[in-house]
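**Student:** Protein chains in written order, with this note's numbering: chain A, 5 to 355; chain B, 13 to 257.
Check before you lean on any hint, since a few could be wrong.
[Said to hold, decoys possible] Straight-line Cα separation of at most 27 Å, DSS-like style, residue types lysine-lysine; simulated pairs: (1) B:K205 x A:K27; (2) A:K50 x B:K201; (3) B:K201 x B:K98; (4) B:K98 x A:K196.
These are computed hints drawn from the structure, not numbers from a lab. Since the structure is predicted, the reported quantities are computational estimates derived from the model, not experimental observations.
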Amino acid sequence: MSEKVIMKGNEALAEAAIRAGCKCFFGYPITPQTEVAAYMAKRMPKVGGVYLQAESEIAAINMIYGAAASGARCMTSSSSPGISLKAEGISYICGADLPAVIVNMTRGGPGLGGIQPAQSDYYQATRGLGHGDARLLVFAPASIQEMCDLMTTAFDLADKYRMPAMILGDGAIGQMMEPVILPEPATRTIDKPWAATGTELKRAHNIVNSLYLQPDQLEDNVRARFERYVQIEATEPRCEEYLADDADILITAYGISSRIVKSAIKKARAEGIKAGLLRPITLWPFPKAVLKKHAAHAKAFLDVELNMGQMIDDVRMAIEYARPVEFAGRTGGIIITPDEILAKLREMEAK
Amino acid sequence: MSVVFDRPHALADVSTHYCPGCFHGIIHRLVAECIDELGIEGKTIGIAPVGCSVLAYNYFNCDMIQAAHGRAPAVATGVKRANPDKVVFTYQGDGDLAAIGTAETVHAATRGENITVIFVNNAIYGMTGGQMAPTTLPGQITQTTPFGRDVKEAGNPIRVCELLSSLDGPALLQRVTCDTVPHIRDARKAILKGFQNQLEGKGFSLIEVVSTCPTNWGLSPVKAIEWLRQNMLPYYPLGVYKEVK
């Protein structure tokens with residue numbers, strides 16, 4: 005059993021990736037995730053892995069494309085503007101059915117935005133990110149421990165479904181320090197008969213490709229991928245339910261904002277406001293069934309995010325517009341306070 | 013009966029989509045011959061670009077990866093770093109390598125990435141129907157330079173070998189062509205050296221093959237070769253621009 009250590013989020017994330025079997029890391033410096041690269045630069049050579057600083061975010065994601073195409077467990081990390089640059093490569097990774105892990109330690113946007121924590125890349129992460137009909141698995145950890153635990157899951161599911169997985173953190177999760185029990189090193193290896201690793205003259209050549217010039221072939225390819233997506237939506241959604249069963253007002257929040265919500269819920273409960281939390285851990289697949297179940301007893305929903313309201317669309321669709329959904333959020337790098345959420349709960353309770 | 017001419021094993025037994033008179037067919041064959049000669053087909057991974065040679069993944073019998081436009085050197089870097097014992101080559105055109113992929117090209121070169129780059133320069137975007145390329149000659153008429161490339165408006169062409177020759181990373185930068193049998197033999201030797209360098213761990217090798225595009229130049233195959241000699245070779249002189257012995 006590993007012992008508990010205190011680590012910075014970005015460094016714990018990097019160590020967890022190595023323990024999950026990540027063999028190659030390609031990245032480009034950007035605040036607030038640069039410690040991931042710095043840690044990888046220090047550790048990868050010692051564990052027989054690859055660390056390379058790419059000339060751009062675009063090159064980094066294409067190095068990932070190459071490493072993944074030739075069978076390696078690999079990861080890149082960045083923050084919001086850098087993820088936009090990676091979008092092209094992520095689309096190709098989706099189109100070529102390659103497993104890879106992409107980390108976004110989100111900062112405020114749009115444009116160069118700011119360097120403080122934000123959750124304003126929800127749409128980008130959950131709507132497929134690059135061009136074309138495609139999805140990413142998106143995990144939204146709320147603590148450093150959860151981020152480390154989800155790392156192995158992200159790699160495993162990326163391999164299982166042959167698609168990219170994203171760890172959607174934020175500047176707070178990346179920068180803060182917390183006690184964490186690091187996962188045990190993964191020992192499982194996954195056979196990748198599709199990978200371009202050289203034929204050894206023993207088989208027909210493998211082609212890793214996203215080009216289908218015949219429309220019917222491209223449609224068949226996309227449909228086959230969507231069959232996997234249907235399976236993923238049925239089996240992989242994860243959601244934490246906190247004081248939800250008797251709640252009149254259900255708050256939806258993910259990642260760092262869910263922790264602030266919990267503080268607000270405790271204060272609200274002390275005042276007799278029956279508030280609870282539904283915290284999606286997977287943003288795609290979105291835990292629709294859990295939300296719909298609780299819509300039966302909750303009178304209203306309150307969506308809390310560090311943006312102008314993005315997940316709120318998924319909340320409304322999940323509960324099929326059966327209850328009013330209000331919003332409380334801050335953006336631009338400002339962290340919402342428990343009191344701001346509490347004020348909103350009081351306002352809703354009074355209605 | 014002795015066989016005097018045969019298809020290289022590394023070259024797939026399929027028809028290509030290339031136009032008559034285009035050098036891609038010759039260059040594919042040379043690459044495949046070199047792979048055969050070195051006995052490396054089983055451990056070679058090729059990277060196809062976006063452009064006329066996008067379907068190169070169908071034409072080589074080694075494992076192939078299709079890359080995004082211009083990103084082949086980055087993709088090759090990922091493959092090579094993950095599999096340092098494998099042989100990795102990219103096959104790219106001028107738009108791919110010298111316009112949208114300039115950063116990837118320059119940085120793979122300066123890192124001395126241990127890969128082999130086959131660069132086909134025909135001074136035009138072929139696949140999209142003949143637009144100005146980074147290597148389109150001054151005055152050359154294309155779909156997007158209908159009055160001839162005016163360097164004051166459209167800028168000047170890039171000479172890739174010369175541009176990269178200031179870098180410390182490359183092991184081989186050589187420009188060849190395929191207009192005559194002796195030149196084809198020289199091209200073959202250069203490509204072979206490019207692969208040998210990789211096997212010896214010497215680093216980045218780029219072989220630029222000055223090529224024709226009869227279709228988009230609007231010339232017959234024979235006239236296209238004449239045009240190449242009269243216009244391309246004076247602007248893009250053949251030769252070795254860098255070689256680490």
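**Student:** Hints first: check each against the structure and report whether it holds.
**Tutor:** Evaluated hints:
1. A distance of roughly 31 Å separates the Cα atoms of K205 of chain B and K27 of chain A; the hinted pair therefore is violated under the 27 Å criterion.
2. With a C-alpha separation of about 40 Å, the suggested pair K50 of chain A and K201 of chain B falls outside the 27 Å cut-off, and the hint is violated.
3. Only pairs whose Cα atoms come within 27 Å are accepted, and K201 of chain B paired with K98 of chain B is accepted, the gap being roughly 21 Å.
4. Our distance criterion of 27 Å between C-alpha atoms is met by K98 of chain B and K196 of chain A, whose separation comes to about 17 Å.
Taken one by one, the earlier hints fail for this structure at numbers 1, 2, listed in ascending order.
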